[in-house]
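So you can see what is in the structure, the chains are spelled out below.
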Amino acid sequence: MDEFDDNEIARLLRLKRYEQPPPGYFENFLHEFHRRQRDEMLRQPLWRICLERAHGFMLRLDVRSLASYPAAVAAVLVCAAVVSLKIYQQPETARVALQSPPALSAPASAEGEWSLTSPVATQIFRTQPVRRFNESAQTHRAGAPPRYVLDSVPVSYEPTFRF
Amino acid sequence: MPGKAAFALIFCLSASLLFAQEQAAKKGSDRVKDTFERVMAQAESATAVSHQVKDVFERAAKAVVKIHGVDEHSPICGTGFFIDPTGTLYTAYTVGGEAGNFTIEFGGKKYPAHQLLADIRSGTAMLKIDAPTPALPIGKSEGLEVATPVIAVGYPLDLPETPNFGMIAGFDRKYLGRYFSTTHLRVNLPTQRGEAGAPLLNMKGEVVGIVVSSLENNSACYAVPIEAAEKIRGDFMRFGEARHGWIGINVSMARQPVEGSVAEMKQIMEDTPAARSGIKSGDILLQVGRKRVTQPEDVLDASFFITAGDIVPITVMRGNQKLTFSVQATLHPASRSGVLLASPGTPAINQQAIPLSLGSDVPPTP
Chain E
0 MDEFDDNEIA
10 RLLRLKRYEQ
20 PPPGYFENFL
30 HEFHRRQRDE
40 MLRQPLWRIC
50 LERAHGFMLR
60 LDVRSLASYP
70 AAVAAVLVCA
80 AVVSLKIYQQ
90 PETARVALQS
100 PPALSAPASA
110 EGEWSLTSPV
120 ATQIFRTQPV
130 RRFNESAQTH
140 RAGAPPRYVL
150 DSVPVSYEPT
160 FRF
Chain X
0 MPGKAAFALI
10 FCLSASLLFA
20 QEQAAKKGSD
30 RVKDTFERVM
40 AQAESATAVS
50 HQVKDVFERA
60 AKAVVKIHGV
70 DEHSPICGTG
80 FFIDPTGTLY
90 TAYTVGGEAG
100 NFTIEFGGKK
110 YPAHQLLADI
120 RSGTAMLKID
130 APTPALPIGK
140 SEGLEVATPV
150 IAVGYPLDLP
160 ETPNFGMIAG
170 FDRKYLGRYF
180 STTHLRVNLP
190 TQRGEAGAPL
200 LNMKGEVVGI
210 VVSSLENNSA
220 CYAVPIEAAE
230 KIRGDFMRFG
240 EARHGWIGIN
250 VSMARQPVEG
260 SVAEMKQIME
270 DTPAARSGIK
280 SGDILLQVGR
290 KRVTQPEDVL
300 DASFFITAGD
310 IVPITVMRGN
320 QKLTFSVQAT
330 LHPASRSGVL
340 LASPGTPAIN
350 QQAIPLSLGS
360 DVPPTP
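Chains E and X, in that order, are what the protein sequence lines are. Quick note: the first sequence uses numbering that gives the first Met the number 0, first residue 0, plus one each step. Quick note: the second sequence uses numbering that gives the first Met the number 0, first residue 0, plus one each step.
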C-alpha cells in the first residue's frame, strides 16, 4: 500500500468504474460455478467419492426398514439355483436309466420265413421291427417341440475307393 | 406436255410411297402377330406344365405321408411314401434310421409304424404300417438328364403336403470333399425342414429318387436315386436285411490309361474274394458286373450294387491280356462290424444292424 497514495488509488478506482465483464459472464455464472465446484470435487480419489455418496445415501434412508431386502434377494437366488439344477439334471438321469439295455434286436433266422424258390413279389415280409424303440436311449424331455428333419449333408459316405 | 409428265411422275411416286407404307405396315403387323403367338404359346406351355405338376401332385399326394417319431433328442417329423399296397414305405435314414415310436399320418388317421430296415450307406430307411395303402409307381433315375423337370411332394414344418417343382442340376459323387456311397441326384428344387424322405417324381408321377438333404439356403437338395433304395429293398426281400458286397480291392489312379481306364488295382487285401480269385495289384479295372469303369470314382456306383453272396464278373487288363474273373462277394466289413460307415462327426450310433449271420453258404443270386 505504500506504493500507492490516495490519489493513485482514486485514479485506479475511477478507471475500474468503467471496466465491464466479458459478454455472457452473468448468464454463464452459475454454470461456471458448478463446473469449478465439480472440478474441485473430482480432485479426490474415486473410492472416496463413492464412499461419501454411499454415506450420504444411507444417512438419508432409514436403514432398519431396509434390513429385510437382502434376506429376500438371497432367498430368491437360492430358489432359482435349486429350480435350474433340477431342470438340467433331469435328462442325465433318464440317459443313465435307459441306456443299459442293448439297442439292437437279435438277428432273425431266415430259415422259416424266406423261400427263394417263390417269386419275389409273393414273399412275406418279416414285419418285426429291426429294433424296438423302448430299448434305445431316450433322453429328451416330454413335451419338447418336434424337430423337422432335413439335414444339410447326405449321410451316405465312402472314405476311399475300396470295394 | 411437261405438266402431264410431272403429274405422272408425282402420281407414280405417290403410288409407290403408299405401297411401301402398306408393306411396312403389313410387316409390322406380322411381327406383332408372331410375337403375340409366341407369347401365347409360352403361356399355354406354362399352363400345360402347371397342369401337369398339379396332376402329378394330386395323384402322388395320396401316397405321401407325414412321419412322426422320437429319437434320443426330441420328437421328429419327416416325410415318407408308400411303395406297395401293404403299407411299406420309404423315407430318409435321418427320419426312419435312428428314431422309434413311429406314427404315420395317412388319410386323416394316425397309424403306428415300425422300422423294417435302415441303411446309412444309401441314406434310406423302410417303415411299415399294417393297413392297405396306395403306392407310388417306381421309375428309373437312369433316364434323367441335367435340366429334366422333377417334382417333390413333402410335408414342410407343420404344414400340409406341398408340391415343389424343380429340375435335375447334376449327378454328384462327392460334396464338400466327401464321397457318397453311390451317385446322388442334385436337384434345383427348394426344400424345407420336414421334407427329408419326400419322393422325387418325374413328370409321369414315377418315383426317381428320395430327398435326403438340402443344400445351401434350402434352395436345392440331394436325392438318393431310387435304384439305390430298390437295391436295399431287394436285399431285404431276399435275405431280410441289407447285404452290401465286398470284394477286397483298393483302387487308385493309374499313370496312363489302358483300354480307356485309369482305375488301377492298388492293393488286393489279404483273405478276401479278390485275393482268392487271382486278381493282382497293378491290374487295370475295366468292368464290375455290368458297370464299365474308367475312373477310380466309378467303383463307387459299381460296388454299391454288389450284394454279398453274389457272383460278380470283374474284367481287368493285365499287360496286353483282358481277363475276366468271377468273384463271389462277401459281406462288407463295415456291415460285419455292425456299424456301417458313418459320416464324420456322426456319433457311432448307427445301429441299423446288419447282423452277421452270413457264412460261406450264402446263396448266390438266382
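Source of the hints: derived by calculation from the structure; they are not laboratory data. Certain hints may be false.
[Said to hold, decoys possible] Quick list of in silico lysine to any residue cross-link-like pairs, SDA-like style, CA-CA up to 20 Å:
| # | chain 1 | residue 1 | chain 2 | residue 2 |
| --- | --- | --- | --- | --- |
| 1 | X | Lys-173 | E | Pro-158 |
| 2 | X | Lys-290 | E | Thr-159 |
| 3 | X | Lys-265 | X | Gly-318 |
| 4 | X | Lys-173 | E | Val-152 |
| 5 | X | Lys-290 | X | Ala-253 |
Status of each hint after checking the structure:
Among the hinted pairs, Lys-173 of chain X with Pro-158 of chain E is consistent with the structure: their alpha-carbon atoms are about 11 Å apart, no more than 20 Å. Proximity of Lys-290 of chain X to Thr-159 of chain E is assessed by CA-CA distance (about 19 Å); at most 20 Å being required, the pair is judged to hold. This hinted pair checks out: Lys-265 of chain X and Gly-318 of chain X have alpha carbons roughly 15 Å apart, not beyond 20 Å. For the suggested pair Lys-173 of chain X and Val-152 of chain E, the alpha carbons sit about 11 Å apart, so the restraint of at most 20 Å is met.
Between the alpha carbons of Lys-290 of chain X and Ala-253 of chain X the distance comes to roughly 19 Å, so the proposed pair stays at or under 20 Å and holds.
Taken one by one, the earlier hints all hold for this structure without exception.
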